[in-house]
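Chain A is already provided as a structure; the job is to place chain B with the ligands on it using the hints.
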Amino acid sequence: MEILVCVKRVPATTTRVTVGPDGKSLDPTGVEYVLNPYDEFAVEEALRLKEAAGEGSVTAFSFGGAEAQKELRTVLAMGADAAVLLQSEAAAAADGATTARVLAEALRGRSFDLILFGKQAVDLDQHGVGPMVATLLGIPCISEVVALEVADGKVTAEREVEGGREVVEAPLPCAVTAQKGLNEPRYASLKGIMAAKKKPLEVVEVDPGEAAVEVVSMSPPPPRPPGRIVGEGPDAVPELLRLLQEEAKVL
Amino acid sequence: MADILVVLEVRDGKVRPASLQALGAARGLADARGGRVLALATEAVEPDLEALGGAGADEVLVAGAEAHSPDGAAATAVRVAGEEGADLVLLAATIRGRDLCGRIAAGLEAGFAPDCTALEADGEGLLFERPVYAGKARMQVRIRTPKAVASLRPNFFQPAGRSHSATRRDVPAEEGKARVVEMKGRQEGRPDVAEARIIVSGGRGLGGPENWPLLEALADALPGAALGASRAVVDAGWRPHSEQVGQTGKTVSPELYIAVGISGAIQHLAGMSTSKVIVAINKDAEAPIFQHATYGVVGDALEILPKLTEALKAAQAG
Ligand SMILES: Cc1cc2nc3c(=O)[nH]c(=O)nc-3n(C[C@H](O)[C@H](O)[C@H](O)COP(=O)(O)OP(=O)(O)OC[C@H]3O[C@@H](n4cnc5c(N)ncnc54)[C@H](O)[C@@H]3O)c2cc1C
Ligand SMILES: Nc1ncnc2c1ncn2[C@@H]1O[C@H](COP(=O)(O)O)[C@@H](O)[C@H]1O
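Protein chains in written order, with the working numbering: chain A, 1 to 251; chain B, 1 to 318.
Only chain A is shown next, with the shape it has when bound in the complex (with noise of 0.2 angstroms):
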C-alpha cells in the first residue's frame, strides 16, 4: 500500500492574532508553530493503514518554507518512510488553490493508493486543498472523514454531515480528508525521533506562480456589543427573558 500525506505548517492554535505591519497577514513575532492537528489524524490513519497491510511505504509531503522541515521531521519520527519538502518563501502566504496546484503537480505520475490530507489547515481555515488537489489529479476524495476502511481496492468512508452520519464508497485510487475522531495519534517516541534523522528528507524548490486569490486586508474581527452581567441565579431569569424578547428581539 503506497500512502501519501500532505502536511502543513500552522500557528498553535492557542496563537494570539496580531495583524502584521502590511496589514494583510499574520504578525509572526512570537508565533509557536505546530504540526497542523488535522494532518496529525492524516499521518497516523496513513501509518495504521500501511502497518495493517504489512507492507507499502507512507511519503509526506509539504509546501512550505525551510522551516517546514521541522514538521516534516516530526511526521518522519511518528513513522513515515520519508519525506518531501515543497520549499517556496511564498508557501505560508499561499492561498488553497495556488496551494492545491503546486500540490497536484508535485504528485502527479508518482504511483499511489491513497492521498491523506487533514480536513482543514488552522491557519486560513480553507477546507479545500485535499478536494481541489484530488479533482486535479482526477481522482476521487472522500471530506472529513470519522472512520476508515480499505478493503478490495475500495475505500469505504464515514464523515457527519448536517443531520446525520453519510458512509461514502470510492474506489482506489483516492484522496481522504481526516477529521477528529478518526483515531488518536501517536507520539513520536525517541527511537523514532532518532531514526528519523536518518529518513530521506528531499527539498525541491518551487514556483508557485501568480496566486489565484489576493489578500485585500486583514483585521481583527468585528468587534461585539459589550455583554453585561444580568444578575444571579434564578432571580435574573425573568430579566434576562424580557431583554432576549424586548432589547434583542430573538425571541
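Everything labelled a hint here was simulated from the structure, so no lab data went into it. Hints should not be assumed to be uniformly reliable.
[To be verified] Below 27 angstroms or equal to it, Euclidean Cα-Cα: the simulated DSSO-like pairs (lysine-lysine) are: (1) Lys-177(B) with Lys-154(A); (2) Lys-249(A) with Lys-276(B); (3) Lys-307(B) with Lys-249(A); (4) Lys-184(B) with Lys-180(A).
[To be verified] To list a few chain A residues with every Cβ distance to chain B over 12 angstroms, as calculated: (5) Leu-26; (6) Ala-53; (7) Gly-54; (8) Glu-89; (9) Ala-90; (10) Arg-186; (11) Ala-188; (12) Lys-191; (13) Lys-199; (14) Val-203; (15) Val-204; (16) Asp-207.
Please read all numbers here as calculations on a predicted model, not as lab measurements. Heads up, the beta-carbon is just placed ideally off N, CA and C, and yes, glycines get one too.
Chain B with the ligands only, in chain A's frame:
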C-alpha cells in the same frame, strides 16, 4: 454581465435552508451587477419553484442523480457553469458545500473563497470577507482568476424574500466515482446545530448526562432550537460528536446561542463567537465566556435552567 450559479444542497428531497440564503446573496449581486441567478440541484428533487424563485433564483436546473456523489456533483456544476457562461459559483458552506467548493474551483481553474461572511461588488469586482485563524481575525480577498467559487457561511445571508416563481429545466447529471451509499443516525425532530436559528449548548458544568433533560426541556421550549455541546462533554461520552461546537466540531452562527456550564475556551469560541446574541449561564463569574456573552447569568445551571424553561413556556402561553 455573466450569470451566477448557485449549487443547491438537497437532502431527503428537500433544499437545505442554507442554500436559500446563498440564493439571496446571489440575487443581491445580480441586482447590482446584472446577469441571472441559476440554481442547480445536482441530485433528484421536485423543486419548489415559488420558494426557490422567492429566495432569488431565476431558473432552476435539475440534474437528477439518484444519490449524492461528491465528484459527480462537482463535475455537473463545472459543466453547467461552462455551458451557461457563469463566472461565479456560490454554495452554502455546509460540510458538503465546503468539499464541493475546492472541487468546482479545480474544474473551473478558479480561485476559491471558502466560508465567506460578507460579499460585496465594487468598482474592481467582488470582495469576499472570511474569518481566518479560527475567527480570531478576518480577511478581505479578491479572486484573481476569470472565474470564482465561494461558499457562504450559514445564517450570514438572507433569502431574497420576493414573490417570484422560477422556471425549471432538466439537465444531465455527471457520474462520479465516489457515492453516498447510506445515511446513518439521522437526527429526527431537532434541526442540526450547524443550521439552527437557536442553539442550547451544554458543557461540563452540567455535571453529567443525567442532567441533559434539563437542557432538552429548554430546547423544547424554544421552537427551532438545536442542542450543542462542548468538547469536554463529547470526549466524556455524554453527547455525540455531531453536537460538538468549536474548532474540532461545527462552526455555528445562530441568532441566539445559550452556553450553559461552558467555560468559553478559545477552541469553543472559535466555533460560536459569530453568534448574534450569546447568553452565558455559569456559576463562576470569572469564566471567560462572560467576556463574549451579550447577557450573562451567574449561578447554578441546575437551578436556573428549570426556571428559564418555565418562564418561556409561561410567556408563550400568555
Ligand atoms: C486542539 C484542540 C481542539 C479543541 N476543540 C474544541 C472544540 O471543538 N470544542 C470545544 O468545546 N472545546 C474544544 N477543545 C477543548 C477546550 O480547550 C476546552 O477544554 C473545552 O471547551 C472545555 O469544555 P467545558 O467548557 O464544557 O468544560 P470546562 O472548561 O471544565 O468548564 C465547565 C464550566 O462549567 C462551570 N460550572 C460548573 N458547575 C456549574 C454549575 N452547576 N452551573 C453552572 N456552571 C457550572 C464552570 O465554572 C466552568 O466554567 C479543544 C482543545 C484543543 C487542544
Ligand atoms: N502548504 C501545504 N502543504 C501541504 N499540505 C497542505 C498545505 N496546505 C494545505 N495542505 C493540506 O490540505 C489540508 C487542508 O488545508 P486547507 O484547505 O488549507 O484548510 C491540510 O490539512 C493539509 O493536509
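Now for the hints, and whether the structure bears them out:
1. Distance restraint check for Lys-177(B) and Lys-154(A): the Cα-Cα separation of roughly 11 angstroms lies within the 27 angstroms cut-off, and the hinted pair is therefore satisfied.
2. Under the criterion of a C-alpha separation no larger than 27 angstroms, the hint pairing Lys-249(A) with Lys-276(B) is consistent with the structure, at around 11 angstroms.
3. Proposed proximity of Lys-307(B) and Lys-249(A) is supported: the alpha carbons are some 20 angstroms apart, at most 27 angstroms.
4. For the proposed pair Lys-184(B) and Lys-180(A), the alpha carbon gap of about 18 angstroms is at most 27 angstroms, so the pair holds.
5. Distance check on Leu-26(A): its Cβ comes as close as 7 angstroms (rounded) to a Cβ of chain B, failing to clear the 12 angstroms threshold; non-interface status is violated.
6. Every Cβ of chain B is farther than 12 angstroms from the Cβ of Ala-53(A); the closest lies at roughly 21 angstroms, confirming the non-interface assignment.
7. Every CB of chain B lies more than 12 angstroms from the CB of Gly-54(A), the least distance being 27 angstroms, so the non-interface label holds.
8. No Cβ of chain B comes within 12 angstroms of the Cβ of Glu-89(A); the nearest lies about 20 angstroms off, and the non-interface call holds.
9. No beta-carbon of chain B comes within 12 angstroms of the beta-carbon of Ala-90(A); the shortest separation is about 14 angstroms.
10. Annotated as non-interface, Arg-186(A) keeps its C-beta farther than 12 angstroms from every C-beta of chain B; the closest such distance is 18 angstroms.
11. The claim that Ala-188(A) lies off the interface holds: its Cβ sits roughly 21 angstroms from the closest Cβ of chain B, which is beyond the 12 angstroms cut-off.
12. Distance check for Lys-191(A) against chain B: the nearest CB is about 29 angstroms away, which clears 12 angstroms, and the non-interface claim stands.
13. Every CB of chain B is more than 12 angstroms from the CB of Lys-199(A) (nearest about 30 angstroms), matching its label as outside the interface.
14. With a minimum CB-CB distance of about 27 angstroms to chain B, Val-203(A) clears the 12 angstroms threshold, and the non-interface call stands.
15. The Cβ of Val-204(A) sits about 22 angstroms from the closest Cβ of chain B, beyond the 12 angstroms cut-off, so the non-interface label holds.
16. No Cβ of chain B approaches the Cβ of Asp-207(A) within 12 angstroms, the least distance being about 17 angstroms, so the stated non-interface status holds.
The structure fails hint 5 only (numbered hints given earlier).
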